[in-house]
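A.B. asks: The whole structure should be built from the sequences, with the hints applied where relevant.
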Amino acid sequence: MEKEQLKLTAMSLLISLGFFASLNLAYLGWIKDADTQDYEAGYKKEVSPKESAKEAKPNARKSYAS
Amino acid sequence: MPENRMRVKNKPLVTVTFNTWNCEFLLELINPQRAVGEIEAEIKARLFNYEQAFSRFLNYSELGRLNDGQTVDPSPLFVKVLSQAEILAAQINSDYFNPHVDLAAQGYDKSYDELGLKKIEYSVRTVVPEFPSGVHHQDNGLKLTANVKLDFGSFLKGLVSAQIADIYAPDCDGLVVNFGGDLTVRGKDLKTEAFAIGIFNPVLKIDHVIKLKNQSLCTSGSYKRTWTEGSAQKHHITNPVLGTSSNSDYVSISFWGVDGALCDALATAAFNATPEVWKQWQQTLPNLDYLAIHKSGEIITSNKS
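Going down the list, the sequences are from chains W and V.
Numbering-wise (my numbering), the first sequence opens with residue 1 and increments by one.
Numbering-wise (my numbering), the second sequence opens with residue 1 and increments by one.
Just so you know, these hints were derived from the structure itself, not from any lab.
All C-beta atoms in this analysis are idealised placements derived from N, C-alpha and C, irrespective of residue type, glycine included.
To spell it out: a stretch of chain V is covered by chain W in this simulated footprint if at least three of its residues, at any positions, have a beta carbon under 8 Å from a beta carbon of chain W; those stretches are:
id	region
1	169-183
2	194-205
3	208-220
Derived lysine-lysine pairs resembling BS3-like cross-links, with alpha carbons at most 27 Å apart:
id	chain 1	residue 1	chain 2	residue 2
4	V	K211	V	K304
5	V	K143	V	K80
6	V	K279	V	K295
7	V	K11	V	K191
8	V	K44	V	K224
9	V	K224	W	K62
10	W	K62	V	K295
11	V	K279	V	K224
12	W	K62	V	K211
13	W	K62	V	K205
14	V	K191	W	K62
15	V	K188	V	K11
16	V	K224	V	K211
17	V	K211	V	K295
18	V	K213	W	K62
19	V	K11	V	K44
20	V	K205	V	K304
21	V	K224	V	K205
22	V	K211	V	K11
23	V	K213	V	K279
24	V	K205	V	K295
25	W	K62	V	K44
26	W	K62	V	K279
27	V	K304	V	K191
28	V	K80	V	K44
29	V	K11	W	K62
30	V	K188	V	K44
31	V	K304	W	K62
32	W	K62	V	K188
C.D. replies: Here you go:
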């Protein structure tokens with residue numbers, strides 16, 4: 001009887017651990033929900049990769065003759 | 001989860017760049033609250049409309065047709081910019097600022113990319129009247145005096161950068177609109193109230209950093225857009241009185257303040273004026289500062305900070 005209880009407790013612990021680990025992974029962005037993925041697709045569509053790569057381009061904060 | 005999505009959606013700094021009007025356009029948005037692609041498309045459409053109205057190099061633009069001697073029924077946009085030019089002409093002496101200056105007569109008759117380093121052997125000098133006396137308002141539209149031209153290039157980028165900044169400032173925490181080196185900032189930077197902006201020193205190859213807060217900063221320089229006419233070296237800044245390239249010991253002059261069009265016009269006009277006149281402008285026109293770079297690389301500035 002004690003062994004059965006121990007098994008059940010261990011299994012519950014493992015399930016809980018797995019559940020919280022999934023939550024944590026999702027929180028850190030390793031698992032993305034559909035909305036986020038959709039947004040990212042939209043973002044990439046709006047700003048081309050070439051343009052994204054130029055983020056924080058030094059020339060934006062520079063005044064010069066042209 | 002919500003934090004993760006926020007992190008992706010509210011990217012703190014987004015920059016959009018593209019080339020237009022033969023220069024680079026850069027837009028930096030701090031915490032934008034609208035789709036950036038939508039903003040970019042709107043700006044491109046706006047700049048396209050300006051180009052269709054004011055390009056010297058499009059013979060069908062409103063300005064191109066006027067310069068060709070045609071009578072033009074002006075669009076509201078053209079009327080607005082013409083009025084702005086008249087305001088600037090009232091603020092700055094015509095010896096220094098005159099939209100009637102004719103760069104084409106000096107050989108700058110096509111876009112600089114097309115012009116390249118081509119040698120121009122012949123040119124026609126015309127007497128430049130005081131602006132806006134060469135513009136005639138007729139019943140059927142606008143017409144220029146024979147052989148008189150118009151060119152709003154000395155203030156248009158400063159005007160447009162400020163206009164675009166005002167339009168999109170409510171859609172973000174802060175922004176920088178940099179139109180070929182003529183820029184306007186609104187709101188806040190990521191961590192500070194003011195934006196730190198570098199003015200390029202073409203002699204020492206360094207930047208002189210100033211702080212801007214809801215202001216425009218415009219720079220003109222004789223080190224860009226140069227060409228050869230016969231044996232003479234020319235640049236795109238013209239002396240309205242002499243009708244030739246400005247002859248200044250300074251290679252770069254910047255003005256910053258609340259009025260983008262005025263700063264742009266002064267940065268160009270300053271090449272035809274002395275440092276005493278710059279000081280006079282700075283003291284009489286509201287909220288204005290300047291920084292000029294001598295051909296030796298040394299600077300003079302009104303900036304106290």
